[in-house]
Amino acid sequence: MEPLQIAEKIKEKFPESWVDVKEFRGQVSVTLKKERIVEICSFLHDDPDLSLDYLVDLCGADYLGKKEKRFEVVYHLYSIPLRHAIRLKAEVPESDMKIDSVVPVWIGANWHEREAYDMFGIVFRGHPDLRRILLPETWEGFPLRKDYPLQGPEKEWSGFLDVLDRAKRYREFEWTD
Amino acid sequence: MEHSEPIVEKPFETKELTVSMGPQHPATHGVLRLVLNLDGENVVKCTPYVGYLHRGVEKLGENRTYLAALPLSDRLDYISSMNNNVGYVNAVEKLFGIEAPERAKYIRTMVAEMGRLSSHIIWLGTHVIDIGATTPFLLAMAQRERILDLFEMLCGARLTVSYPRVGGVRNDISQEFLDTLYEFVLEFPHRIDDYETLVTENRIWKDRTMGVGVISAKEAVNWGLTGGMLRGSGIDYDVRKYVPYDAYDKVDFMVPVGRDPGDCYDRYKVRVEEMRQANRIIKQCVEDLPAGPVMADAPKFTLPPKDLVLKDMEHLIHQFVLITKGPSVAEGEVYVGTEVPKGELGFYFVSDGTGKPYRMRVRAPSYVHASVLPRLSEGGYVADVIANIGTIDIVLGECDR
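Protein sequences, first through last, are from chains A and B. Every letter in the first sequence is one number past the one before it in numbering that gives the first Met the number 0, and letter 23, counting from 1, is 22. Every letter in the second sequence is one number past the one before it in numbering that gives the first Met the number 0, and letter 262, counting from 1, is 261.
Be aware that one or more of the hints could be misleading.
Claimed, not checked - With the Cβ distance kept under 10 Å, some of the chain B side facing chain A (calculated, not the full set):
hint: 1; residue: 10
hint: 2; residue: 13
hint: 3; residue: 15
hint: 4; residue: 57
hint: 5; residue: 58
hint: 6; residue: 235
hint: 7; residue: 241
hint: 8; residue: 347
hint: 9; residue: 357
hint: 10; residue: 358
hint: 11; residue: 399
Honestly, the hints are just simulated from the structure, not real lab data. Glycine included, C-beta positions come from ideal geometry on N, C-alpha and C.
When you get a sec, could you build the whole thing from the sequences and use the hints?
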């Protein structure tokens, strides 16, 4: 099925969630409101005409100062039996950084959602194990946000200060043989 | 006769044991840490911890121009950097709306398959050495050396090559390179036979891999597995066939699949057959290599030839603008997936019209495959965890980005 037809189907089925659709270089992305995202995803996954069974990728994006709703969660879907693809984008405003988790639909979303939480601070409701994944659990801030400095925060991460402190103590230690 | 006291068997007490495997462990193929809860030999719970090699590739990419961020992709999956480069340039070309010339496409296909061979050789060597066979590892590494020598002949670098460029490849290939490569390609199938003689029907190998890490086709798709992990379970999804890029629609090759449900042995068979197919692709590319330029004629997006830059002013200015400001790109977003040795490597770019990507996202196959480790390992023996790490063919540089 052509990606625009899939978009049409979503619009028919979930008119109140619809925001808009864009096509660029033959790829179609559908922007949606976040409220019924799990319902939409399970519809796309289960419908025999669509059967988008493979979640290629899930990631966050930060549009600071560019869009009214600052964050987006981007889902890339593909259907292995029917060979068609579509991109969904769920808007997440900064005032309410919560969205429902799609782990019940695609179990592979688990680590992708943890990463989006780790990098952007988007909270996925109903996620089985929402912890930081790439960064240490005591890390402060969300690095892929646009207002996060490229070279990191001015204050060193407490875990690294701890390592420096320990290294200093080892240097001062009298090693005897 | 007086009976002695009956021996009362004291109930044998066991306690759940927590073992931290890694991050410094030779069998974890890098800095992967697994916390294993063990009941005797059985794995009750397995919790992977990743991120020790996190360098913020996505953030760095967002602060560099499209042309300058290419070397970052080398450092993702550092044992098959050629394939990462090909994935990156394909995504950027799609975003720019340009296409590489035919000759460059064939060269890219050729070098990408060489990268696949070198990666699969490492996978085979480390997978079998983890399970206890040393000989195939040494034999395999000797062949990998030949591929790395060819890369050196091609572009001067052995590991982080950055040879494919946006719009084509860095330089044309020499006749000497083609001859050496063809010699290698004719001989390599015999080397694969050698490995298979040592491993495929080996009793110990079969005992250690058959029925280990079993996953059904449906489940594998739901987990988002790709590459050998998915095809080992009997699904023929291969980006090279489903969404062909470069010259993959012009060469003839087969996609090997395993059985449903697939185990470590199926995935082993699939990857060994993939090596033979990669060899076939290289052979066809060398034989059918078309003549012509190796860089697209798209002056707005590709760097001008160096000899012209040194000669005249216009090209110098052109190069200066492309390097400092970056090319001006239409607003939009693309996702392009390519088949790297580990699975599907995807790049997602959001362009806001400037020379730098507004959002760069790397969809790394190893990241997804690491997340399936608990599913494969829980309920099995602790020794099978090693087999499972070997079979997912993980590279932590790509997983942690």
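Indices of hints not satisfied (ascending): 1, 2, 3
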